[in-house]
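A.B. asks: Residues per chain, in single letters:
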Amino acid sequence: MEYIFDWFRVLYQETGINLPFLYDEYDRNRMVEGFFTTIWLSLVCLFFSAIIGIIGAWLQGSSFKWTRRIVNGYIQIFRNTPPLVQLYFFYFAIGTLLPRVDNDWGGQSPILGSFAWAAISLSFFAGAFNVEIFRSGIEAVPKSTVEAAEALGFSKLQIYRDITLPLAFRVVLPALNNNLVNLVKTTTLAYAIAVPEMLYEANQIWSDNVNVTEMMVFLLFAYFLLVGILVGAMNRWERAMKIPGYGG
Amino acid sequence: MKIKTLVTALAVSALSITSAAADILDTIKERGTLVVGVKADYKPYGFLDTSGAIIGIEPDLAKDVADKLGVAIEYVPVVSSNRMQFLEQGKIDLMIATMTDKPDRRKVVLIPDPNYYSSGTNILALKSLELKEWEDLRGKPVCGIQGAFYNKATSQNYGAEIVAFKGTAEAYAALRGGNCAAFVYDDSAIVAKAADPDWSEYEMPLKTIDDAPWGLAVALGEQNFGDMMGEMIIDWHKTGRILELETKWGVENTPFALAMHDKYK
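Protein sequence lines correspond, in order, to chains A and X.
Residue -18 is where the first sequence starts when you use my numbering, and the numbers rise one by one after that.
Residue 3 is where the second sequence starts when you use my numbering, and the numbers rise one by one after that.
Incorrect hints may appear among the rest.
What the hints assert, rightly or not - If you want the footprint, here are the derived chain A segments under chain X, 3+ residues with CB under 8 Å:
(1) 89 to 99
(2) 137 to 144
(3) 174 to 185
(4) 207 to 214
Simulated from the structure, these hints should not be mistaken for lab results.
Think of the CB as a built atom: it goes at the ideal place given N, C-alpha and C, for glycine as much as any other residue.
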């Protein structure tokens, strides 16, 4: 392994192509950390935004006027404001209003750190889109199917969980795919509130080594790979869930 | 025929670009404006007044250059992570932006000698934390600025966990908000902040490290402009202009500026 790393040092000396995150141990460690932070942040946000989407779409079908209004208000706020503004708002505005806790270095710090705020903010942001995406799927389920389920004595929750959602899911997957791909790319914004993800670490490395071009190329490929894996997995899932004769 | 016209047009435009790039001093004089990259968030070296105009020690120095060339001046706010790129791309003609002079930076931009200023690294921290040594930062979150060279040193040598933000406003807000134990930055800026009544609970407790000279820069290859700037810097030191500006903007005369004045006097 060391041999390969040293080869990149030679590459720099010989050609000027500087990839310090391969040959310099310190830079390598922080790049690896950044890579896993990005993956972890993406997974957390993917999970919670999907949950928010499913629950939100269900609440939108509620018979209470105020439940529907609150869900719609949430969608309007989070869909109509830029995610970067939301991040700043949560971290600097809401974050400082929350109670503080004593930390282990003898001071007081806010209850939630930058990673937690990034996860919350991005999940809500993508979740707002997911609610609308799931709603489109639910509305695509024929009314007669729901009526048939009602006639069989299913409760409202059972119909949503066992009839509407599974059918809607198959309809919304392409649109959901799009939104989740966007979400993974939006995690780069978290560097604004100092979440040590890939863009943040790359920024540090190119500032220390003045190798902007190399880091930009690397970042592009890294995200291309990450999003490629997500898209591949989602496409497989889409094929596996296909019901013959239903949908496209 | 058409292709031939196109080729000629391209060749002519390419020629005009190279001739324009031949000497930036001519371009500046032709344009009638000197475009200078300065900091806008670094009191008192470059910051915004209440009307939003950029003022400070470095904008004043830049104005001297424009006056010498007999052209108008335009300030472009830059930050640590984009200042050299702006110069490379030709967005600015000259950069006077609190940049520490380092060998690897000299490969990317032209830094004329001698250095015009100098500063070191220190931290701004709550007095109640009673920090004494750099080692006291081990394992603690420390705010920083994205792109500052001492981030790596502070985390590598003293084990601090750097939490770096885009600009100083965010870093100060995060320090106030308790997101970090200290803010690692240039001592020259911290001295001014610690003297601010709003920040009376904070202090600059450590010994300044990495005292390093600052370099202003022009694009690589602009030797004429670089030579001219070298002469200007010597002149600034000789006439005591730097000392005068320090006093004007409320900074105590720094040892570096005094020594340089003595040297060139």
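A.B. asks: Are at least 3 residues of the stretch 137 to 144 of chain A within less than 8 Å of chain X when you compare beta carbons?
C.D. replies: That given contact is violated, which follows from only 0 residues of the stretch 137 to 144 of chain A lying within Cβ reach (below 8 Å) of chain X.
A.B. asks: Taking a Cβ-Cβ distance under 8 Å as contact, does the stretch 207 to 214 of chain A have three or more residues in contact with chain X?
C.D. replies: violated (count 0)
A.B. asks: Tell me whether the statement that chain X covers the stretch 89 to 99 of chain A is true, taking a Cβ distance below 8 Å and needing three residues at minimum.
C.D. replies: Result for this restraint: holds, n = 5.
A.B. asks: The stretch 174 to 185 of chain A covered by chain X? Criterion: 3 or more residues, Cβ-Cβ distance below 8 Å.
C.D. replies: With 5 residues closer than 8 Å to chain X, the stretch 174 to 185 of chain A meets the three-residue bar; holds.
Of the numbered hints stated above, those contradicted by the structure are hints 2 and 4, listed in ascending order.
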